[in-house]
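Asker: In case you want the letters, here they are:
Number of protein chains: 2
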Amino acid sequence: MKFEVTILGSSSATPIFNRNPTAQVLNINEKLYLIDCAEGTQQQMLRFDIKGSRIDYIFISHLHGDHYLGLVGLLSSMHLNGRKKALQLFCPEPLKEIIELQLKYSETSLCYEINYVFTNDKAPQLILDNQDITVETIPLDHRIPTTGFLFKQKKRLRKLIKERIEELDIPVPFYTAIKRGKDWEAPDGTVYSNASLTIDPEEPKSYAYCSDTIYNPKYFNQITGVSLLYHEATFLNDMLDRANQTHHTTALQAGEVATITGAERLIIGHFSARYKTLNELLDEARSKFENTDLAVEGKTFILSE
Amino acid sequence: MKFEVTILGSSSATPIFNRNPTAQVLNINEKLYLIDCAEGTQQQMLRFDIKGSRIDYIFISHLHGDHYLGLVGLLSSMHLNGRKKALQLFCPEPLKEIIELQLKYSETSLCYEINYVFTNDKAPQLILDNQDITVETIPLDHRIPTTGFLFKQKKRLRKLIKERIEELDIPVPFYTAIKRGKDWEAPDGTVYSNASLTIDPEEPKSYAYCSDTIYNPKYFNQITGVSLLYHEATFLNDMLDRANQTHHTTALQAGEVATITGAERLIIGHFSARYKTLNELLDEARSKFENTDLAVEGKTFILSE
Chain A
2 MKFEVTILGS SSATPIFNRN PTAQVLNINE KLYLIDCAEG TQQQMLRFDI
52 KGSRIDYIFI SHLHGDHYLG LVGLLSSMHL NGRKKALQLF CPEPLKEIIE
102 LQLKYSETSL CYEINYVFTN DKAPQLILDN QDITVETIPL DHRIPTTGFL
152 FKQKKRLRKL IKERIEELDI PVPFYTAIKR GKDWEAPDGT VYSNASLTID
202 PEEPKSYAYC SDTIYNPKYF NQITGVSLLY HEATFLNDML DRANQTHHTT
252 ALQAGEVATI TGAERLIIGH FSARYKTLNE LLDEARSKFE NTDLAVEGKT
302 FILSE
Chain B
2 MKFEVTILGS SSATPIFNRN PTAQVLNINE KLYLIDCAEG TQQQMLRFDI
52 KGSRIDYIFI SHLHGDHYLG LVGLLSSMHL NGRKKALQLF CPEPLKEIIE
102 LQLKYSETSL CYEINYVFTN DKAPQLILDN QDITVETIPL DHRIPTTGFL
152 FKQKKRLRKL IKERIEELDI PVPFYTAIKR GKDWEAPDGT VYSNASLTID
202 PEEPKSYAYC SDTIYNPKYF NQITGVSLLY HEATFLNDML DRANQTHHTT
252 ALQAGEVATI TGAERLIIGH FSARYKTLNE LLDEARSKFE NTDLAVEGKT
302 FILSE
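In order, the protein sequence lines correspond to chains A and B.
Residue numbering for the first sequence is 2 to 306, as defined by our numbering.
Residue numbering for the second sequence is 2 to 306, as defined by our numbering.
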């Protein structure tokens, strides 16, 4: 089952050096999930050929402008493009007031419904459970209420060994039961063990999105062992005081989080406008966690194909 | 005195085909005036090397998102870049509520002051009068309250004929009086006429910004004889019904407005996302008014140097 993350923006606070502020899109089993929606996200979607009509779920981590100021524009474009499907919006509660105020003064009545699910940073909440995944909030520690999001693929059914199934001429209506682990009893009474008919499914993948936050072990337990960790790394570690003061993380600390939580792979992003090039940030994170990459715009990270 | 208009965006409603929605920046005597501020305007400013710190005046025509959704991001960036100077914001009154709500939830207290001047579409208002220009609102006819803006350069003082002034050895303290039209009486009692010492200054230039509006002669009188007219031209004339229904103008009508009002030059913009290329719109406007150009992003139109 496809599970991939495409970076649409990785700048913090202000757009600069052709880096856009934060937005990412997940493609999980051909469903698109947008995480954060900074100003210019629509333009980035056009650039990377991501259709707004395919997005049914939007997650907003917090109400600093560099994480949501592109949302009302995107919602308006979906409206102008005749969207009919409801949209699920996972966000801090005040965002509803902000959106509704802007729609009111533009005299816009959206031609589709928004289903709001409000997040808070008090404790992890299970906010979505569909056929492919579950999504939990990750309470972070930033200057204003902020949550990350933990996407966990569901365990899939066992995979049929096609040749064996055909050889035994097992009728289709029995497939699901076998995928679920049942043995097969042939019409002649012979029993074929499930182990001889199926193989294990792929291990479910998981993705943790952690932006913005100060280094704080309170969320480490929740994200233990994820397949891919996105962690903010706003500053180099020589700016640790500034990171603490603004409730951000350094690249070194992001590498530490990945090591401590046993992530398989790390992406760092949310780079301060003070860094024109990003190699130093990457090197610093890699000094703690080798399997690290930069959240470069347009780049897609594949968890499973 | 420099007077030029740089186009930052010319799309209507949604960003598309690498066209950003509406924003323009005027440079008048090295002061920058931003007109409308769609999503992505900050990014366009970076692209065309326009410094936000140099903008002291922002004009918002109306509260459709494609004219203002980049504003809160720009205001935030000015804040993060340590702006101290007050900013003048000319806009419909509800924009204050929208801005303040967003600043409230991001817990941002701007480090500079915004001086609001509220516009309305009831009648033209003189909203700015500084040493270089006056600015009036142009009440337009759109679906929600909308005003254009009429920028008029002030008549400058007469220009001294440098050689003549040096030849007569006129002391500097007398220059201003002579520029204002006074004759010069030399120490020996000889009177030199002002006409022999000065030439006429450049004719003051004017710029009318008209977006968005249905074709409606109510504002024609106010914009008579402008040096440069920017007029929206959302559709080709075969979409006249749609233009009327959505309170927009066709390219043909924009050409007519320029002809009827005796503009010297016309720029058309605010192009619908249905037009991938713009030549047909240009040809149609030119069929009514030859001296027409397209509002192409990054292009600067010079009224005086």
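These are computed hints drawn from the structure, not numbers from a lab.
Check each hint, because a few of them may be wrong.
One copy or any two copies: either way a pair holds, since identical chains are not told apart in the list.
[As the list claims (entries may be wrong)] List of simulated lysine-lysine pairs, BS3-like, C-alpha gap at most 27 Å: (1) Lys183 x Lys52; (2) Lys97 x Lys183; (3) Lys277 x Lys85; (4) Lys277 x Lys52; (5) Lys180 x Lys300; (6) Lys156 x Lys97; (7) Lys105 x Lys123; (8) Lys289 x Lys85; (9) Lys153 x Lys123; (10) Lys300 x Lys160.
Being a predicted model, the structure only gives us computed values, none of them experimental.
Asker: Using 27 Å as the alpha-carbon threshold, which applies to Lys183 and Lys52: within, between, both, or neither?
Answerer: This pair counts as neither: shortest intra-copy Cα distance 41 Å, inter-copy 68 Å.
Asker: Is it within a copy, between copies, both, or neither that the alpha carbon of Lys180 lies no farther than 27 Å from that of Lys300?
Answerer: Neither way: Lys180 and Lys300 sit 35 Å apart in one copy and 62 Å across, limit 27 Å.
Asker: How would you classify Lys97 and Lys183 at a CA-CA limit of 27 Å: within, between, both, or neither?
Answerer: This pair counts as neither: shortest intra-copy Cα distance 48 Å, inter-copy 65 Å.
Asker: Could you figure out if Lys300 and Lys160 sit no more than 27 Å apart (CA to CA) within one copy, between two copies, both or neither?
Answerer: neither (31 Å within a copy, 59 Å between copies)
Asker: Please work out whether the CA atoms of Lys156 and Lys97 approach to 27 Å or closer within one copy, between two copies, in both situations, or in neither?
Answerer: neither (34 Å within a copy, 50 Å between copies)
Asker: How would you label the pair Lys277, Lys85 (within, between, both, or neither) given a Cα cut-off of 27 Å?
Answerer: Between copies, since 25 Å is at most 27 Å while 42 Å is not.
Asker: Reference check for the pair Lys153 and Lys123, CA-CA at most 27 Å: within, between, both, or neither?
Answerer: within (21 Å within a copy, 56 Å between copies)
Asker: Checking Lys105 and Lys123: alpha-carbon separation at most 27 Å within a copy, between copies, both or neither?
Answerer: between (31 Å within a copy, 20 Å between copies)
Asker: Is the C-alpha distance from Lys289 to Lys85 at most 27 Å within one copy, between copies, in both cases, or in neither?
Answerer: neither (47 Å within a copy, 40 Å between copies)
Asker: Check Lys277 against Lys52 for me: Cα-Cα at most 27 Å, and say if that holds within a copy, between copies, both or neither.
Answerer: between (30 Å within a copy, 17 Å between copies)
Of the numbered hints stated above, those contradicted by the structure are hints 1, 2, 5, 6, 8 and 10, listed in ascending order.
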